[in-house]
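Peer 1: Okay, here's what each chain looks like letter by letter:
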Amino acid sequence: MYNPKDIIDVIGANVRMTRNPFGIPKFLVNSWHQDLHPPQKGEAMLFTGLMYQFVPYIETSTDYLARFEDSDWSQYLRYARYMPGYLSGLGLALLTPGSQKRKYNAILQNIVRILAASRVSFFYRPELDDYSGVLLYDLGDQDAFVQHARYVAAKLKKAGIRKLITVDPHTTYALKVLFPKYVEAEFDVTPYVELINLHSHNGTRRVTLHDPCFYGRYLAVSDTPRRVLSNMGIDCVNVRNSGSFTSCCGGPAESISPKLSDQIVRKRIDELKSTGEPIVAMCPICLGNLRKAGANVEDLANVIAAGING
Amino acid sequence: MARIETAFIEDMKPFGEDVAAACFNCGTCAAICPLVSDHFPRKIIRYVQIGAKDRILEHSRDLWQCLHCGLCTQTCPRGANPGEIILSLKRYVVANWRRS
Ligand code: SF4
Ligand code: SF4
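Sequences listed follow chains V and C, in order. Read in order, the letters of the first sequence correspond to residues 1 to 310 in our numbering. Read in order, the letters of the second sequence correspond to residues 1001 to 1100 in our numbering.
Wrong hints could be hidden among the right ones.
[As the list claims (entries may be wrong)] So the derived list for chain C, only partly shown, Cβ under 10 Å to chain V, looks like this:
id, residue
1, Ser1037
2, His1059
3, Ser1060
4, Leu1063
5, Leu1067
6, Gly1070
7, Leu1087
8, Tyr1092
9, Val1094
[Said to hold, decoys possible] Within a straight-line C-alpha distance of at most 35 Å, the following computed DSBU-like cross-link-like pairs (lysine-lysine) qualify:
id, chain 1, residue 1, chain 2, residue 2
10, V, Lys181, C, Lys1013
11, C, Lys1013, V, Lys158
12, V, Lys292, C, Lys1043
13, V, Lys181, C, Lys1053
14, V, Lys267, C, Lys1043
15, C, Lys1053, V, Lys163
16, V, Lys181, V, Lys158
17, V, Lys5, V, Lys292
18, C, Lys1013, V, Lys259
19, C, Lys1043, V, Lys155
Everything labelled a hint here was simulated from the structure, so no lab data went into it. From a predicted model like this one, the values you see are computed outputs, not experimental measurements. Note that CB positions come from ideal geometry on N, CA and C, so glycine has one too.
My request is simple: use the sequences and hints to build the entire structure.
Peer 2: Shown next as structure tokens:
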């Protein structure tokens, strides 16, 4: 296990300097929209919160953190005023394979296709799409979270944004629950899953859903993805720990202890695999963590988009 | 022997949840927690109840093992909100680091 203070200091410094936990300039992280040209006008703004975009970088940095965990080198993190290249900044950006970035960008591109096919009026403005700061909150760095959340909310308010469509549970929770509570910023926030209005009678597939903790428990929206899949002709075979009793994938521990995170995810994978059906996730952290441990998992957006195309 | 700080629950108030008093030490949270680690979080909630600040600071690293998954809060029969108490303690410890 790393010293939490060292990790918190690194992440806090990165967010202060670059507005994201990895210290990578935003134009490098947020490129998914460039060839797609999503609409620039509409009723609600698509707000990705950059979480899907971060997953390839999380994979790279966790891989390095796992190598040094509990070794003498782990102590050096505290001296990382000039952060090690595998943890932040351009070094991390360069170490992260383009193929991984394309894989996660494709999920966001599919979300745009799904919203368009569902006739949702939305737009995207990359300059207003920022990281929500939710990791700072989860790590207990409340002052840094509040400071960052104020910055994000002020930008959105200044641009006159009121309605947001989110794509992951962590950002949704931050905007829906934490922003009103801690920075008095109220937005009308809807996860994209709730806006899907698609029907297909071709499907006869079955899948097993891994409910993320923040959708299953904190925001209680587990029925929605099941309804959406059922409308596409896809049945969900539930494991015992699902919905509001879902089991965590261990992802949130990956920066502090990759070892612990790995132990937890392996248990969860065994449970998910027990149904014998393909596993579907709907949170970038879960998806990255389950995949890293070797599970064959698809993102919900890819499954739905395949249904539209098929 | 742990030193009991009666003012600890008051000290904690600015950092969040203050329902530790509701806990009756049943251990449901520790049984359901995916960490399966040394009576966590029940033991920590007990330390909060009795104001064993030294013990909490001694075990402060353990707080960051918590995934903030909320399963303990979901299942606690007393509404003691153990998951949020752990998060409040993280905030308390971070604020202490910043001050020192
Ligand atoms: S916090 Fe709740 S579940 Fe845990 S020991 Fe106390 S009463 Fe039981
Ligand atoms: S919120 Fe933390 S203490 Fe509670 S069950 Fe999840 S990991 Fe365990």
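Peer 1: Indicate, hint by hint, whether the structure satisfies it.
Peer 2: Hints and how they fare:
no., hint, in the structure
1, Ser1037, "9 Å, holds"
2, His1059, "12 Å, violated"
3, Ser1060, "8 Å, holds"
4, Leu1063, "8 Å, holds"
5, Leu1067, "4 Å, holds"
6, Gly1070, "5 Å, holds"
7, Leu1087, "6 Å, holds"
8, Tyr1092, "8 Å, holds"
9, Val1094, "5 Å, holds"
10, V:Lys181 with C:Lys1013, "16 Å, holds"
11, C:Lys1013 with V:Lys158, "34 Å, holds"
12, V:Lys292 with C:Lys1043, "32 Å, holds"
13, V:Lys181 with C:Lys1053, "28 Å, holds"
14, V:Lys267 with C:Lys1043, "24 Å, holds"
15, C:Lys1053 with V:Lys163, "44 Å, violated"
16, V:Lys181 with V:Lys158, "20 Å, holds"
17, V:Lys5 with V:Lys292, "25 Å, holds"
18, C:Lys1013 with V:Lys259, "33 Å, holds"
19, C:Lys1043 with V:Lys155, "43 Å, violated"
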